[in-house]
Every structure is written in C-alpha cells, then in structure tokens.
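These protein sequences, in sequence, are chains A and B. Every letter in the first sequence is one number past the one before it in full-length UniProt numbering, and letter 138, counting from 1, is 138. Every letter in the second sequence is one number past the one before it in full-length UniProt numbering, and letter 87, counting from 1, is 87.
Hints were generated in silico from the structure; no laboratory data involved. A hint or two may mislead.
Once the Cα atoms are required to be at most 20 Å apart in a straight line, the calculated EDC-like pairs of lysine to aspartate or glutamate come out as [to be verified]:
| # | chain 1 | residue 1 | chain 2 | residue 2 |
| --- | --- | --- | --- | --- |
| 1 | B | Lys-46 | B | Asp-78 |
| 2 | B | Lys-166 | A | Asp-170 |
| 3 | A | Lys-166 | B | Glu-134 |
| 4 | A | Lys-166 | B | Glu-185 |
| 5 | A | Lys-166 | B | Asp-170 |
| 6 | B | Lys-194 | A | Asp-198 |
| 7 | A | Lys-194 | B | Asp-170 |
| 8 | B | Lys-166 | A | Asp-198 |
| 9 | A | Lys-17 | A | Glu-85 |
| 10 | B | Lys-166 | B | Glu-183 |
| 11 | B | Lys-176 | A | Glu-180 |
| 12 | B | Lys-166 | A | Glu-134 |
| 13 | A | Lys-194 | B | Asp-135 |
| 14 | A | Lys-166 | A | Asp-135 |
| 15 | B | Lys-166 | A | Asp-135 |
| 16 | A | Lys-166 | B | Asp-198 |
| 17 | B | Lys-92 | B | Asp-198 |
| 18 | B | Lys-194 | A | Asp-170 |
| 19 | B | Lys-166 | A | Glu-185 |
| 20 | B | Lys-194 | A | Glu-185 |
If you want a taste of the chain B side facing chain A, the calculated C-beta under 7 Å gives, among others [stated by the list, open to error]:
| # | residue |
| --- | --- |
| 21 | Val-26 |
| 22 | Leu-70 |
| 23 | Ala-109 |
| 24 | Tyr-165 |
No residue lacks a Cβ here, since even glycine has one placed at the ideal position from N, Cα and C.
2 protein chains.
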Amino acid sequence: MEKEEVGWCLKDWICDKDDVLFNDSVLQQIDCTHLSCYMNYSISIKNPGPGLVLRSLHKNDYDKGYMTLLGQLTRTGDVTKERFEAQFDAMKQCPGIHYIMVIEDVSNAIIVGSGTLVVERKFTHNTALRGRVEDIVVHSNYRGRHLGNLIVETATVLSQKLGCYKTSLDCLPSLKPFYEKFEFENTSVIFMSKRFYD
Amino acid sequence: MEKEEVGWCLKDWICDKDDVLFNDSVLQQIDCTHLSCYMNYSISIKNPGPGLVLRSLHKNDYDKGYMTLLGQLTRTGDVTKERFEAQFDAMKQCPGIHYIMVIEDVSNAIIVGSGTLVVERKFTHNTALRGRVEDIVVHSNYRGRHLGNLIVETATVLSQKLGCYKTSLDCLPSLKPFYEKFEFENTSVIFMSKRFYD
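The following block holds chain A by itself, in its conformation from the complex:
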C-alpha cells in the first residue's frame, strides 16, 4: 500500500501558546469509531470519563503532579520546576517531534495519565515519518478505567494521521497481549540497548 492521504500537516500541530506543547484541538478530530481496539465502554478521546480531559501536556502540569505520575512508571530523579520548564521549552522549539498527551482529573487538578508519541523524520520510505509510543502510565488510583487503552490508541491513531509509515514501541513480554489489541505485532526484529546511566 502506498502512503495514505494525510489529513493534517505540521502547521496544524504548531501551537503559538508558550504553555501548551502541541495543538491538541486536532485530537478531537480523531474518529473513535475507527479505533483498532474497539472500545465497548463509555470512554472516548472527547470523554475520557467523569471529570477527566485528554489533552496536550501543559507547562503548568508540573504543579499538577506530572512528575509524580511519571514516578509510577520509572525513575525520574528530583526534577525542579525550572528543569522541567527548560525541557518543555526545548521540546517546544522542535515542533513535530514530541507529542506528550495527558489525562487530567479536573476535579482535583491532578494529572492521572500520560503517553508520548515521538516522531522521527527519515529519508527512507519516501522521506517518511516514523512514530514511537513511549512512557505510557496511568495513576494507580485511576486504573481499571481503560485509560491506558485510550492513551495508546490515541497515540497510535495520531501517528497514522500525522503520516507515519510505521509506529513502534518496546515493552516487557508480559505487555505483548496488551499491545496486540492495538494491532502492534512482535515480528522477528529484536530490540537491543546500551545503558550509560540509570
């Protein structure tokens, strides 16, 4: 199959607001009825659940517990607000690369879910884009509501809408059945890494 028609372009995703990572109004345009993992439960991108909103990372999400949430996923270290904002600004200066989406419980102003789509530009495959799904996490108090499904599906559909020829992720073998629901395949390709520090 040739490259599909891409409905959005980078300019749709650039957000002039300094405190918003990407223009997430386009998330609302994703048609949930075409999700590969059909959600036969009452949540969607527009309605993640009572009191919840799914949106781009904001610069003030540091104050809403974003780093605490990431601490439920992996090691974060003791990141100051200034360091957080510097990394946010660095991402913002490279539009079209880092799409970090979060779910906020607006009733208590806490970030309760997050996932990242990272986009790489290539010269192969007709100067393609390639997506990678990273750092999926749902707050322990909010599990069992299918929010992880929603984030993974949104990141995956987003990558397709942006025009990625493929999207990949690396995970523990125990999560293979979870990602297979979204039509990710574990082919013969292997994942290798070299760690310089923790």
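Starting from the known structure of chain A, arrange chain B on it as the hints suggest.
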C-alpha cells in the same frame, strides 16, 4: 551510576551553515582509543580510509548518491531533490534531534556509508536524552573495510557524549552478534510495531 559529566551541549551542535545538518567538528573530538569495539585496524573517525571522510550529512549529498545508497538498505521511493531538501530543512529546524553522518569517497564524490542517531527528549530519568541508532548502511563496493563498525561506534559514542542515558536500536536477529561488539544488549524487552504503509 549517576548521569555522567557531559562534555558537549546543544549549542556545540547547532550549525549556522544552511547546507550542513549538524556541526560535525565535534566528531573529531571523539577519542577513538576509548571505543568499546576496539578497532585493531587502521581506520578511525579522523581517517576512515584512503580518500574517505566521515562527516555530517550535507544538503548537496543528494547529488552525491545519498538516496541511491539508502536504496541498498530499504525502500526509498523516487525522492526528488526538492523533497530531499525539504526534509533536510525540516530536520535542520529541529536541532539536536537528527544526527545523520555519512562517509564520502572524495575521489569520486560518492556517499558510501551512512548512519543516523536520533535523540529523544524525556522528562523521566532526570529530564534525560535517549538515543536511537538507525539506518546503518555501507555501499556494496565498500564493504569489508569496517566502515559499518566505524559508523555504529561513532553514533553510539556520540549519543553518550550528548548525554543520552541509554541508546537503543532494533535489528534482525542475525545482526545481534554485530551489535554486541558495541556492548548493545538484547534484554527481555521486546520490539513491537504497526505498519501503516510500506
């Protein structure tokens, strides 16, 4: 181990020249004597071989057969010079993300090797950088000269010098022994992908 001292910062890598992807003068500062895959043959970053130079991708490498070389790696499609230049410019607008290095045979102005380091910014691991080695290819007429070793090692050491907490790659199982030479490990983590088009 905590984050190692990082000798370089992004500004060292930003290149004001429109036709050079990144400031590759820093490549010359990589000390080959500390390469994990000790090269007991007479090539190095400074001297990849008679008539060969290792450097950043240049905008005019399209005219030096860069896309033809990539065609020895995977599907490239029929990319026009204009499309190539547009993708080059898009990468250039996001400094610190795409480090594409090439080996040119200056005797005939042909690109004979290439490899890419892609850098992702994270909020985890003390607002870390993470590297990915991608698209390693050596021209069929130039194989057996350890140029693939040189490119992989340069990309890996570069990622460490930039401050990446880890660097990864995905490959066919047959290439596992090759990447193990550079101290990449195949842990229990698995690689999954979803392809939208070829």
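Hint by hint, work out which the structure violates, then give me just those numbers in ascending order. 1, 4, 6, 11, 17, 19, 21, 23
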